[in-house]
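Please work from the sequences and hints to get the whole structure.
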Amino acid sequence: MTEEIIIAGFGGQGVLSMGKILAYSGMMQDKEVSWFPSYGPEMRGGTANVTVIISDERISSPILNKFDTAIILNQQSMDKFESSVKPGGLLIYDPNGIVHHPTRTDINIYTIDAADEAAKLGLAKIFNMFVLGAFLKIKPLIDDEYVHKGLEKSLPLRRHNLIPENEKAIAKGKELVTERFVLN
Amino acid sequence: MKEIRLMKGNEAIAEGVIRAGCDGYFGYPITPQSEVLEYLMATATEQRTGMVTLQAESEIASIHMVYGGAAAGKRVMTSSSSPGISLMQEGISFMAGTELPCLLLNVVRGGPGLGTIQPSQSDYFQSVKGGGHGDYKMIVLAPASVQEMYDFAKLGFELAFKHRIQVMVLSDGAIGQMMEKVELDDAVPRWSDEEIVKLHPWATTGKTPDRERNIITSLDLNPVKQEIINQNLQKKFRHIEETEVRFEEFMCDDAEYLFVAYGSSARVCQKAVAIGREKGIKVGLLRPITLFPFPSKELARLAKQVKGMQAIEMSAGQMVEDVRLAVNGAVPVEHYGRLGGIIPAPDEVLHVLEQNFIHS
Amino acid sequence: MNDILTREEIIAPENIVYERTCLLTDCALSYCPGCGHGTAHRLIMETIEEMNIQSETIGVAPVGCSVLAYEFMDIDMQQAAHGRAPAVATGIKRLYPNKFVFTYQGDGDLAAIGTGETLHTCNRGENIAIFFVNNGIYGMTGGQMAPTTLPGMKTATSPFGRDTASMGYPLKITELVAQLPGTFYVTRQSVHTPANVRKTKKAIEKAFEYQKLNRGLCFVEIVSNCNSGWKMTPQESNDWMEANMFPTYPLGDIKLPKL
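Protein chains in written order, with my numbering: chain A, 1 to 184; chain B, 1001 to 1360; chain C, 2001 to 2259.
Simulated from the structure, these hints should not be mistaken for lab results. Worth double-checking, as some hints may not be accurate.
[Stated by the list, open to error] Now the in silico label distances, taken between C-beta atoms and shown as ranges:
| # | chain 1 | residue 1 | chain 2 | residue 2 | range |
| --- | --- | --- | --- | --- | --- |
| 1 | B | Ser1360 | A | Arg180 | 39 to 49 Å |
| 2 | C | Gly2182 | A | Thr2 | 36 to 46 Å |
| 3 | B | Glu1321 | A | Thr2 | 33 to 43 Å |
| 4 | C | Asn2244 | B | Lys1225 | 38 to 48 Å |
| 5 | B | Asp1210 | A | His160 | 28 to 38 Å |
| 6 | A | Lys80 | B | Gly1317 | 21 to 31 Å |
| 7 | C | Lys2258 | B | Thr1045 | 49 to 59 Å |
| 8 | B | Lys1279 | A | Phe10 | 29 to 39 Å |
| 9 | C | Gly2182 | B | Asn1328 | 55 to 65 Å |
| 10 | B | Asp1210 | C | Ala2012 | 53 to 63 Å |
| 11 | A | Ile98 | B | Lys1279 | 28 to 38 Å |
Every residue, glycine too, gets a C-beta built ideally from N, C-alpha and C.
If you want it as structure tokens, here you go:
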């Protein structure tokens, strides 16, 4: 198993940290992982993206231009990465702020109303965990117990009180993920 | 069981030097490697580990602080990125002239000038052919993973003291900034001052009555003596070429075509090999781990086996010159490179190889 | 019978009143006759001998006339790149906080190419001593203008005299570093008369004593002559120094320790 994932959105949406939690969780489940971020000025308010690879084997290139899964959180990223999903692959996006929805018919497309739902529940700061939940529902690569360990590892000790909240958001994301276009 | 962490390349080498018994780090912030200094300031505090970490006023000051510490027999290092490494060339040349051991890290960004903060491999010539003045070489290690960033800290110090030479870890922004799983080993204790006196009798540790004074200088105005000094240096470099070549081969046994790439480009090529093999192309990868000494003999051997070699670099063609020297015309050697901070994609480099050697 | 001693009597151990310090090597000094460097070397080495700290002292030589200082000083020494001696000394001292570390630098080295290293090393308050020999000229390279060259002074690169409008002013770096909280003791002395030599010796002793107490950076400037570079006899150069250098670089303590 090798899963090559791009997560992309605005800086500040928790793109990099979602990738980090995913990578940590994979590592805790004894997978090989890599996390390759866009860095520099992009981190300061512009677009941000991170490539996460989870694999049973040694990872070759951490830098890719074709992905099994694209997790998209803004329009610029949709424009940039829709075409980068491998045929038969997966695209998950938050429709909030999306004007031009994906049009491909050779990939599976799901939506997650993460921003809206997180705001309703007063969890806007961890809306990225709703998105992570949605992904893990469609691709259950990592068991919940390892996601828990991944959270423990990636959050500093003084933030460990927030782990239950994060797990709640992940569970909610799993419930809320919705089919938009699914291959037969 | 070994301790496992998910770390950035820059953090991994910082943890690596702590555990390799490093005595002192002197550096100046520059993207994309400031995490090294930040990590050491936060983790390797003098109170906790006894390691000295100092933020200097410039890269020039940093490298000369390294000079002072190295000349006194300590395990010392600095790190920077391309423009900062350019500033350090004076000190590196002085350390070459005085045969001082040290560890240097260049997390390469694109140039020339201020260039970009994105990854690049355009400092190959500077590192391998000698960036400062005079005839000298450094051992240059090219990590291709976060694990190697960690491992090369210890290896770098070992080689530096084994040969009394500067060891440059030539990384790039991609390896420095990405996170991967790292297996950590137990820390090597730092040398005591008494051990340094015994292990490094040349070091300026204070003249005791039992020995002559130690002088660290690169100056000798007598041309005859200066020539001998230079000849001895060259002898050492030849010895290193014979004994310290390191490389990794990936699917080379039956390869008809060969990628040659180091660092993050090698990771891209490894994926390209996998895609190529799925398509039925017998392609392999030779990854130089030491850029000096370069795996020339192995390339010459492979030149008898393959139909063509495709060098892939994030530069306008630097390492490819050493590949061509090694192959000496036996097979065609092509270069493909991306510039300005762009990393080539696996299918892109495979396509280039196919165009150059299969569909041509 | 008068008390004139024979040669044998003079060198008899019981009659010796003064000896060259054993920490100067037998290597003949490379300095021009009349130059102050030799005296400055001797005073530093005498101090190290008297304090019995040869085995704990590491010196750093500069680039300039005193580039070969390590040939004459019988202690462990490092030769630094031009202007970088304070950075080199920082590296040594941080790793060996209990050793005595000093730099020996000229005006071109310390106040031109090495200004950054000088100021920041002083500002960090490194527990080292900096001995700064200021003769207002680049001696080794053949008498070019230095940052401390006086206005109107003729050198190889200011053949019509230093024109402050285009070449700037003498840099009083000693007064500058005295402003920094990291310096503990800053003084300016000379070695052109026996009385001044004694004062300089005291200053050097203080610099090492304060280093022992980890009080911060001690900076001792020695205003000196360069009879070759100034194209004068030694005596003329000393007279010229008193008349011209001292008004710009007045002797005395600039920053006294608050003990």
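Quick rundown of the hints versus the structure:
no.	hint	verdict
1	B:Ser1360 to A:Arg180: 39 to 49 Å	holds (44 Å)
2	C:Gly2182 to A:Thr2: 36 to 46 Å	violated (56 Å)
3	B:Glu1321 to A:Thr2: 33 to 43 Å	holds (35 Å)
4	C:Asn2244 to B:Lys1225: 38 to 48 Å	holds (41 Å)
5	B:Asp1210 to A:His160: 28 to 38 Å	violated (57 Å)
6	A:Lys80 to B:Gly1317: 21 to 31 Å	holds (29 Å)
7	C:Lys2258 to B:Thr1045: 49 to 59 Å	violated (30 Å)
8	B:Lys1279 to A:Phe10: 29 to 39 Å	holds (38 Å)
9	C:Gly2182 to B:Asn1328: 55 to 65 Å	holds (58 Å)
10	B:Asp1210 to C:Ala2012: 53 to 63 Å	violated (31 Å)
11	A:Ile98 to B:Lys1279: 28 to 38 Å	holds (36 Å)
The earlier numbered hints that this structure contradicts are 2, 5, 7 and 10.
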